[in-house]
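Number of protein chains: 2
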Amino acid sequence: MDAPPRRGRRPGQGDPVVVRALALLAAFDAGHRALSLAELSRRTAIPLSTTFRLAGHLLAWGALEKGEDERYVVGLRLFEIASLAPRSHGLREVALPYLEDLHEVSGQHVLLAVREGDEALLVERLSSRGAVEIDYRVGGRMPLHDTGVGLVLLADAPRPVVARVAGGLDAPAAERLRRWLPDVRRLQVAVFERSSPAPVSSVAAPVRDGLGQTLAAVSVVVPAGSARPQAYAQVVRATALAVSRGLGHRPPRTG
Amino acid sequence: MDAPPRRGRRPGQGDPVVVRALALLAAFDAGHRALSLAELSRRTAIPLSTTFRLAGHLLAWGALEKGEDERYVVGLRLFEIASLAPRSHGLREVALPYLEDLHEVSGQHVLLAVREGDEALLVERLSSRGAVEIDYRVGGRMPLHDTGVGLVLLADAPRPVVARVAGGLDAPAAERLRRWLPDVRRLQVAVFERSSPAPVSSVAAPVRDGLGQTLAAVSVVVPAGSARPQAYAQVVRATALAVSRGLGHRPPRTG
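Chains as they are written, first to last, in our numbering: chain H, 25 to 279; chain U, 25 to 279.
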């Protein structure tokens with residue numbers, strides 16, 4: 025889970041058939057939820073006849089389904105298996121009641137994210153209809169360096185991850201990031217301001233498992249200027265601690 | 025999606041490698057969320073060396089991950105791809121705000137399910153902490169013939185599905201089912217009483233897509249005897265219509 029993302033990777037001729045079948049699944053993304061056979065073949069660089077044969081197996085098993093227009097879509101069977109993933113639905117099962125409480129008292133967006141390689145992946149999002157506009161989608165990826173949940177996840181990530189993320193930024197941004205991370209670690213909370221698509225503040229805190237490892241981050245996202253973001257720090261931390269407790273974490277008491 | 029479920033099916037020696045790789049994924053279920061290499065091999069009847077090689081590919085891609093005890097678990101990458109499935113997360117994205125409203129006014133369980141073959145599959149569940157005990161899990165399967173959402177889905181299912189489900193019941197239950205379905209179709213709502221694990225009533229209504237096809241069912245599940253279940257029929261139907269509208273459905277007006 026610490027390898028750099030390789031979403032754009034295309035299997036070559038010599039790749040085993042399993043790698044090619046997985047490449048067909050990876051051809052789908054938020055902008056391409058339905059693909060024709062020709063599109064599948066083109067996006068994976070797998071010959072049309074092989075694509076047809078492999079897609080047939082995926083279809084028979086239920087990893088793919090045919091939509092109304094005969095294009096392929098991701099199948100429900102994949103959702104069924106994915107629902108057993110400890111880092112998504114397993115985590116969500118424990119977290120959801122506490123996220124709902126946070127959503128109720130804040131009335132804004134509540135996010136739950138985990139780190140996947142050098143990015144954050146959104147596992148849950150609860151949003152009120154009137155909440156400020158954000159463009160994060162459950163199952164979608166978010167940058168680690170400019171989201172609240174991302175900073176929390178990055179603060180406890182292995183050094184090589186921090187190095188790679190910082191390496192992708194310009195010098196002032198990388199410097200700022202390196203200055204922030206110790207504060208996030210010390211305060212157990214990250215406050216981040218973001219200006220697009222709408223100006224928002226996010227306040228995030230870490231969720232830990234029974235071994236004390238940071239497994240996820242919880243945040244609220246509120247319109248910038250609506251309240252001092254720090255006003256949310258306590259409730260977000262308390263929510264993250266409640267979820268951690270549900271995962272078997274026993275935080276050391278400082279008092 | 026209309027084939028009988030074949031969850032227990034094991035690939036034989038002659039099955040292509042893709043089918044075997046998919047069988048490794050299908051070896052996981054709610055009772056087996058973490059499997060050792062030997063367990064994976066045993067549950068799929070695939071030789072140990074082949075299991076190791078195929079699991080390696082699934083691990084490299086992220087469909088599987090290694091847990092703390094070195095056992096295999098379902099990976100986050102599968103959740104990421106599954107989040108693009110129109111019948112699970114796609115549907116959920118549209119439905120969630122309305123489900124939250126229904127959850128808020130009913131204060132009980134709210135379920136969203138789709139039909140997968142001869143069973144219902146739970147796509148979303150919102151539950152209050154104090155709500156009556158139920159044993160349904162997001163991503164888990166439920167019988168069509170003795171759940172509210174199941175009856176709604178069955179009422180609009182193709183005849184062979186109804187025949188297979190009725191064929192699996194004893195004669196009085198099959199007879200009762202065949203008597204109920206026309207009522208569900210006419211009233212656009214199903215009321216179902218269930219006694220285990222706790223006595224509950226569920227009230228369910230159909231969600232339709234832009235073509236008028238029944239895509240899903242919404243229900244509330246309340247403790248038996250807490251209120252006349254029929255009292256929930258209107259709000260559940262209105263919620264299902266709101267979700268349908270979000271999916272492009274324009275219901276014919278009867279007034």
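It is worth saying that the hints were derived from the structure and are not from the lab.
This one's a predicted model, so the numbers in the text were calculated from it and none came from an experiment.
Be a bit skeptical, because a hint or two may be false.
Among chain H residues calculated to face chain U with C-beta under 10 Å, some are [said to hold, decoys possible]:
1. V43
2. V97
3. L193
4. R209
Just so it is clear, CB atoms sit at the ideal spot from N, CA and C, and this is done for glycine as well.
Going down the list of hints, with the structure as the test:
1. V43: This interface hint holds because 6 Å falls under the 10 Å limit.
2. V97: holds, 5 Å
3. L193: violated, 24 Å
4. R209: violated, 22 Å
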